[in-house]
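Note that the protein sequences, when read in sequence, are chains S and L. Take 9 as the starting number for the first sequence in this note's numbering and just add one per residue. Take 9 as the starting number for the second sequence in this note's numbering and just add one per residue.
Check each hint, because a few of them may be wrong.
Intra- or inter-copy, both count: the list cannot distinguish identical chains.
[Unchecked claim] With a straight-line Cα cutoff of 20 Å, these simulated EDC-like cross-link-like pairs (lysine to aspartate or glutamate) come out: (1) K59 - E76; (2) K42 - E349; (3) K390 - E407; (4) K17 - D133; (5) K272 - D175; (6) K17 - E76; (7) K59 - D94; (8) K132 - D364; (9) K108 - E25; (10) K192 - D337; (11) K317 - E346; (12) K132 - E394; (13) K10 - E68; (14) K42 - E76; (15) K109 - D97; (16) K396 - D357; (17) K10 - D133; (18) K370 - D133; (19) K42 - D103; (20) K60 - E76; (21) K342 - E225; (22) K42 - E86; (23) K108 - E148.
These are computed hints drawn from the structure, not numbers from a lab. All figures in this text were calculated on a predicted structure; none of them were measured in a lab.
Protein chains: 2
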Amino acid sequence: MKQSLFFAKPSHHPPKEEISRSAQLLEQAWYVDKLFAGVYTYLPLGFRVLKKIENIIRQEMNSVGGQELFMPALHPIENYQKTKRDIVDILFHLDLATGKKFVLGFSHEEIIVPLAQRYISSYKDLPLYVYQIQTKFRNELRAKSGIMRSREFIMKDLYSFHATDEDFEEYYSIMQGAYSRIFKAAGVGEKTYLTFASGGTFSKFSHEFQTITDAGEDTIHLCNGCGIAVNDEIIKEQKTCPKCKSARLVAKKSIEVGNIFPLKTKFSDAFGLRFTNAQGVNKPIIMGCYGIGLGRLMGAIVETHCDKKGIIWPANVAPFDLHLLAFGDASVRKNANEAYEFFCKNGIDVLYDNRDVSAGSKMADADLIGIPLRAIISAKTKNLIELKKRSQETTQFLEPEKIITFIKSTHNEN
Amino acid sequence: MKQSLFFAKPSHHPPKEEISRSAQLLEQAWYVDKLFAGVYTYLPLGFRVLKKIENIIRQEMNSVGGQELFMPALHPIENYQKTKRDIVDILFHLDLATGKKFVLGFSHEEIIVPLAQRYISSYKDLPLYVYQIQTKFRNELRAKSGIMRSREFIMKDLYSFHATDEDFEEYYSIMQGAYSRIFKAAGVGEKTYLTFASGGTFSKFSHEFQTITDAGEDTIHLCNGCGIAVNDEIIKEQKTCPKCKSARLVAKKSIEVGNIFPLKTKFSDAFGLRFTNAQGVNKPIIMGCYGIGLGRLMGAIVETHCDKKGIIWPANVAPFDLHLLAFGDASVRKNANEAYEFFCKNGIDVLYDNRDVSAGSKMADADLIGIPLRAIISAKTKNLIELKKRSQETTQFLEPEKIITFIKSTHNEN
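Chain S with its partners taken away, still in its complex shape (with noise of 0.2 Å):
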């Protein structure tokens, strides 16, 4: 992509009325524009790291037999009503041209659960894992730190079904390992605690995935003990690690990209939703879901690999391979371009700075951007490339063959 067609251009200030630095750098850098509070849009920088997020996702969900579906957004509120979820305050409500009363979704057991309903009958049919990528409404008072906390934004959601809390267990502690590596894939691996959190009225514990940022609007405590993390609220019912009971607890401020959650019959139970065992035994079903918001974890992504000078991005959520520069004369140019085709032609996704901008400028918003790997053509490369990562400051000159190997090699590991 050449960026001078490129629909982007990055700001030499930060947006005033953000507080959180990946906001901050994001709308800065053209990765989304703020329409309202807590709703964006996707530029097509941020929608490229959203796909690779998406994809990264998929992957893993698909792992664990996830079969993927696409749920409305429209809800009857009746639904709702079964749940008693209706009196939800974050939910919007909106009426129909002819009376009848819709919810937009925050969640879909309220859809899922009346289908599932359809296609289990008998112990055969399970267990079933459906799940979605999909946007989600929510009606808060007030919308903070950019797309970490939004009133419209997308979401992972899987739901899952089972005969048995035997069966329900071992694919929660499966789903706990593709969270993990879905994590580690996007980067944040390294600052992501498995958190207890309370489970509610229905279930002793659910998890979060919580990622340690000072931007976070949570706090966990990580345990000296056993590495594992604990949430907030259970901290304040028993102050100990409810894993292994140690006390010794250092609290951090962090933000959940991810949560992951035992429903027990709550749902089974409002719908009527129950399967016959291999005895004849008439059943409730057990169920499961497991979230992750997309826009959220591209926040953390950011809050955890920036600098002052923007942002750097992990390779794997990238919205380009490469970042080439040119800076220079027409020969200096006519290299860049028989270089910026010859990498395109190699499968290379590049971002091709061809703008009539100073150096200084191209480097600075290259910088905000924060694609990892960047290629400079100047009078001083002649037949090679200089390169240099966005984490790093020291350069190396190579032959524009070596920069499509390395960075293949690259892919290839991921």
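Assemble the complex: chain S is given as a structure, and chain L must be docked to it using the hints.
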């Protein structure tokens, strides 16, 4: 995918409340699930078709310079007051917890124009083409025809921004070509006509792409003189073909699968979207918009590709490459399991009917689901596989390797 685990339970009977054949078949075969009139879930089968259609469209939009982004569904009412579209009757209205008024987007001119305004200042920023594949909402009093006219639907909408009428017209004609390629690739090329439509108050003509089918809600008039089509609105006004003036017109029922629309300066004027040309003169920007409803297109494909037994998907948009059916005892099952593993290993997307149901049920479901190629393994096939096209009655006995070669050659054609 093993059918015993697949989230689909094809029914023996079409749903009673649906009139259009596509709605009947798509619901009966578990491509879609109707939550409420005009509000559907895309089930795993339907989701796979949706993604194929999406990728055909994405490829063509990228080939004509479109840059993909993703705009929100929640829109501030103020933006619609500026264009005087806040009174449109199909708008869904909702209140934010803060009291602010919002609507759900039925289109995105009101969002993209102020966004483009942040980018465009000079003629050097033009032309600009941006698009998205995103969910729209229409508060229809009546929703009918299944996924072909719904209250919530996925649409591709591209917006183009130009310095001059000439530049717009050139792009408009490029887009006609892209649309023709999309409908051809989706299998409805021969039945889809570029149709002259009334452009409304601010443009003499726009164009629709109309697919001829008895299930259509529109009527178009095919011109025997020049081969184009004309919609009802124009014929009511002028009785003759607007291109060649012929009066030899044949009326046909049809469904609108896409439209391309000159917006002139209607929306630019409403938001003051202007640019400075090479002579330093400040001028309004010329716009066009280009839509395709993905569910609408899926419905039209089914309407034009079905028989009494079910759907017959064009290969490009089929949910799977191959439907593998095993008829027989344990030794047949063993062969079939091995063939399934072999196809999967070779990158073939197979639905494998390994269910404990009769051969008759398997054949009936396969006819209903409509995967274009069927591979049967039975006592009589021995080391070979009986291959049948969904569209033909004849079969042939082939080695598994030959089937892979055949499918891969079809992939390469597309």
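Hints and how they fare:
1. K59 - E76: both (16 Å within a copy, 11 Å between copies)
2. K42 - E349: neither (34 Å within a copy, 48 Å between copies)
3. K390 - E407: within (10 Å within a copy, 56 Å between copies)
4. K17 - D133: Between. Shortest inter-copy distance 10 Å satisfies the 20 Å Cα cut-off; intra-copy 52 Å does not.
5. K272 - D175: This pair counts as within: shortest intra-copy Cα distance 12 Å, inter-copy 60 Å.
6. K17 - E76: between (36 Å within a copy, 16 Å between copies)
7. K59 - D94: neither (33 Å within a copy, 33 Å between copies)
8. K132 - D364: Answer is between: at 11 Å across copies they meet the 20 Å cutoff, but 65 Å inside does not.
9. K108 - E25: For K108 and E25, the Cα distance is within 20 Å only across copies (19 Å; inside one copy 39 Å).
10. K192 - D337: Classified as neither; 43 Å inside a copy, 45 Å across copies.
11. K317 - E346: neither (29 Å within a copy, 56 Å between copies)
12. K132 - E394: Answer is neither: 60 Å inside a copy and 29 Å across each miss the 20 Å cutoff.
13. K10 - E68: Result: close only across copies, 19 Å inter versus 33 Å intra.
14. K42 - E76: This pair counts as between: shortest inter-copy Cα distance 17 Å, intra-copy 29 Å.
15. K109 - D97: Close inside one copy (16 Å) and across copies (17 Å); limit 20 Å.
16. K396 - D357: within (17 Å within a copy, 41 Å between copies)
17. K10 - D133: between (51 Å within a copy, 13 Å between copies)
18. K370 - D133: between (58 Å within a copy, 18 Å between copies)
19. K42 - D103: Only across copies: K42 and D103 sit 19 Å apart there, 27 Å inside one copy, limit 20 Å.
20. K60 - E76: both (17 Å within a copy, 14 Å between copies)
21. K342 - E225: neither (50 Å within a copy, 55 Å between copies)
22. K42 - E86: So K42 and E86 pass the 20 Å test across copies only (15 Å; inside, 33 Å).
23. K108 - E148: Between copies, since 12 Å is at most 20 Å while 24 Å is not.
Against the hints set out earlier in the document, violations occur for numbers 2, 7, 10, 11, 12 and 21.
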